[in-house]
Amino acid sequence: MSSKTVEPVSETPVNYLNASFGLRSWLLTIDHKRIALLYLVTITLFFFVGGVFALLIRLELLTPRGDLFTAETYNKLFTMHGLIMIFFFLIPAVPAVLGNFLVPLMIGARDLAFPRINLLSYYIYAVGGTFTMYSVVAGGVDTGWTFYTPYSSTYSNTHVTAMVIGIFITGFSSILTGLNFIVTIHKMRAPGLTWFRLPLFLWSIYATSIIMILGTPSVAMALALVAMERLLHIGIFDPRLGGDPLLFQHLFWFYSHPAVYIMILPGMGIVSEIVPCFSRKRIFGYSFVAFSSLAIAVLGFLVWGHHMFVAGQSIYAGIIFSALSFLVAIPSAVKVFNWTATLYKGSVSFATPMLYALGFIGLFTIGGLTGLVLATLGLDIHVHDTYFVIAHFHYIMVGGMVMAYLGGIHFWWPKITGRLYPDSWGRLAAAIIFIGFNLTFFPQFIVGYLGMPRRYHVYPPEFQVLNVFSTAGASILGVGYLLPLLYLFWSLKYGAKSPANPWDATGLEWMAPSPPPTQNFPVTPLVAWEAYEYEKREVPVA
Amino acid sequence: MWNFPLFPQQASTSARSTDALFFFLLGVMLFFAVLIFVLVFIFAIKYRRRDTSYVPPVIVQLVSLEAAWIAIPFGLVIVIFAWGTLLYFEHRSPPPGAIEMYVVGKQWMWKTQHPEGQREINTLHVPVGRPVKLIMTSEDVIHSFFVPAFRVKQDVLPGRYTSLWFQATAAGEYHLFCSQYCGTDHAQMIGTVVAMEDADYQRWLGGGAAEGTMASAGERLFNRLGCATCHLESGQGRGPALGGIYGRGIGLANGRVATADEDYLRESILNPGAKIVGGYPNVMPTYQGQVTEEQLMQLMAYIKSVKP
Ligand SMILES: [Cu+2]
Ligand SMILES: [Cu+2]
Chain A
1 MSSKTVEPVS
11 ETPVNYLNAS
21 FGLRSWLLTI
31 DHKRIALLYL
41 VTITLFFFVG
51 GVFALLIRLE
61 LLTPRGDLFT
71 AETYNKLFTM
81 HGLIMIFFFL
91 IPAVPAVLGN
101 FLVPLMIGAR
111 DLAFPRINLL
121 SYYIYAVGGT
131 FTMYSVVAGG
141 VDTGWTFYTP
151 YSSTYSNTHV
161 TAMVIGIFIT
171 GFSSILTGLN
181 FIVTIHKMRA
191 PGLTWFRLPL
201 FLWSIYATSI
211 IMILGTPSVA
221 MALALVAMER
231 LLHIGIFDPR
241 LGGDPLLFQH
251 LFWFYSHPAV
261 YIMILPGMGI
271 VSEIVPCFSR
281 KRIFGYSFVA
291 FSSLAIAVLG
301 FLVWGHHMFV
311 AGQSIYAGII
321 FSALSFLVAI
331 PSAVKVFNWT
341 ATLYKGSVSF
351 ATPMLYALGF
361 IGLFTIGGLT
371 GLVLATLGLD
381 IHVHDTYFVI
391 AHFHYIMVGG
401 MVMAYLGGIH
411 FWWPKITGRL
421 YPDSWGRLAA
431 AIIFIGFNLT
441 FFPQFIVGYL
451 GMPRRYHVYP
461 PEFQVLNVFS
471 TAGASILGVG
481 YLLPLLYLFW
491 SLKYGAKSPA
501 NPWDATGLEW
511 MAPSPPPTQN
521 FPVTPLVAWE
531 AYEYEKREVP
541 VA
Chain B
1 MWNFPLFPQQ
11 ASTSARSTDA
21 LFFFLLGVML
31 FFAVLIFVLV
41 FIFAIKYRRR
51 DTSYVPPVIV
61 QLVSLEAAWI
71 AIPFGLVIVI
81 FAWGTLLYFE
91 HRSPPPGAIE
101 MYVVGKQWMW
111 KTQHPEGQRE
121 INTLHVPVGR
131 PVKLIMTSED
141 VIHSFFVPAF
151 RVKQDVLPGR
161 YTSLWFQATA
171 AGEYHLFCSQ
181 YCGTDHAQMI
191 GTVVAMEDAD
201 YQRWLGGGAA
211 EGTMASAGER
221 LFNRLGCATC
231 HLESGQGRGP
241 ALGGIYGRGI
251 GLANGRVATA
261 DEDYLRESIL
271 NPGAKIVGGY
281 PNVMPTYQGQ
291 VTEEQLMQLM
301 AYIKSVKP
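Chains as they are written, first to last, in the numbering used here: chain A, 1 to 542; chain B, 1 to 308.
Take the hints with a grain of salt, since some may be wrong.
Which chain A residues stay away from chain B? Per the calculated CB distances, all over 12 Å, these [stated by the list, open to error]: (1) 38; (2) 49; (3) 50; (4) 59; (5) 123; (6) 225; (7) 231; (8) 288; (9) 436; (10) 478; (11) 494.
Below, a list of computed lysine-lysine pairs in the DSS-like style, where the Cα atoms sit at most 30 Å apart [to be verified]: (12) A:345 x B:46; (13) B:106 x B:304; (14) B:275 x B:106; (15) B:46 x A:536; (16) A:536 x A:187; (17) B:304 x B:111.
Everything labelled a hint here was simulated from the structure, so no lab data went into it. Keep in mind the model is a prediction, meaning the values are calculated, not measured. Just so it is clear, CB atoms sit at the ideal spot from N, CA and C, and this is done for glycine as well.
Can you build the whole structure from these sequences, using the hints too?
So this is what it looks like as structure tokens:
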């Protein structure tokens, strides 16, 4: 691997950030790296909006009475928390920000296959987001993010239609991004970069893209039908009009279960990059980790009925969905075992990204294992729709996905911005987030098994103590999330300049300067090595 | 304040069987969580970077190890799956002779009816030690009937019946929650299940206003709505005799056979043209909009009670 000579410190070379100036050069850019930054800003905004809703929810739940909000307001809060976090943060975050930035760099390409479509994806996302924010500002939606019919299609008198249109539109952004990634990964790999030399991040982005393309149309249609039933009273879901309410659940979960993997697979990809780098070791079981991503993508489509064990679907459907749900747990377990084994005999350092990755392994393990309870037919009867489920999926989504996302942001921040952030602050924030997270969500497993249903703003007093823990944890978590916002911003101006490869990592993206020039690589690199050949890297200087 | 519960009361037969499986699974979860945590911890500490010139060995993969950590979890999940499925069957198969009670959910209350005729709102009295089967439907949106102390839950759907059963094992008052989000006052759609010793329960039944049993209320309706003019007990009327049809296979005009369960009876009354009984003309009028969910349930109780 040829390494570039150290850049002259005095003047900044031309890179994608300073290549052109002005609002126009950003808003109409077709550079995948700039588009990634457009997403980063927008997604961060949505994350904090969704986060404020979460804090308000936790505040209300501090006491068993409904003292802060009316029932209507509370219902809107948890609905909008869910909708914004899922459709506007969790689903796009890693693919649209890090995927956009990294896919071309990791394969030695100039850009994505369709740069203009990439920009279009962003604007579709922005338009969808605008509709959603409109429906929030206009008074909100109270259906829960799941839009169960016939409540959403007939009974709710909130701004369901605008919200549904927003999500429908955003879906196209997802589809186009997935398409772009798939074509790019197939067609634009640098010479010598075979499939089995790809960084695992790309395998998981690839698997994610498949889900985005195949699953999104289903939820889009389901939501479009809800809107049509609201506007035209066609009888699709409401039994009074001759419809079937369970049909909606099938259509909805056919996408929304795989969507869980849209959220977590890219996170797993990030962890697969970070763990080898900070263990200075090849990933253990590369091909097993790679294929487990594909296995998850395929099996993930066959388990949607596990959301309907008590919904009134047939016993036999329940049995099949339960069996398949257990199967999909195996590839996730394989990944966890392989990451753990990668540490073995490594040279482990604890820089900020690694702390997030290790945190991810721990929290994802808990999230995954508690998923077994939900996949078990007889047990799901008791815990379904209780806080046990809430705790389970927050361990996956927040403990897993958000930890990985933050790990990735910290890992590639020097590449993206050309600046280093203070590592001690980074580690402090990671620790605060880990503690705050567990304090928030672990008690919810207990209160869930006790029987506290989800979406209750008033609850029996015996559940209060556990809820107080949760709320306390949520405030710590909130501080933890604000910290990176502050020091990362700070680093933009005051952070030390980053060399091309601050972590001494393998991977093509680290061969480009930090930040990379607009065309990424002056000459297309020739890849003659396997992924993660850390044994061949020169020893890092302390 | 600190003596709050960490584990729910066990007040039904299925509570015990559910918790048994839960504790088994808790063991499995603890084992794997501790395994991963300990390994990550040990590796991270033991192999922490001390000497920056140390180059870790290349370990690409170990197929036997991969096979082991695919096969062992696989074997384990098969056990959990099988056990969970058996438990599910137990939940889904009410023992013969269970007392049938009826539940109607609506935004935001639970209405219940006992076969003896008692009606309650947001409360349900049940005897200890006898299986009770609930036949449930909703007037509007989807609700879910959840009694944590019994470990039972079932969504309640508009336009069709779902059911669940339990056998209380300890007298007491237990939370009843609606666990499927159903709109504004979802969190207030709560109530109490009162389990009483059988003798107390009989006394409670005796104390209620005597409107007659559900079946007799159903019979009165049957006459008032004119059903009886066509459905003669002799079978000589324009419609088939209804005695003993509940649970039987019905030969339809299109050659298929339908089982006369609750959903079939419901459809026969609200949408009689959907499935025509073989040998009969499609002349029965629809009763859509003329009977409430509770009246439908009374009619059903009556039809079930008629002897062939
Ligand atoms: Cu799912
Ligand atoms: Cu409800």
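Inset, instruction - Of all the hints given earlier, name the ones this structure violates by number, lowest first. - result: 8
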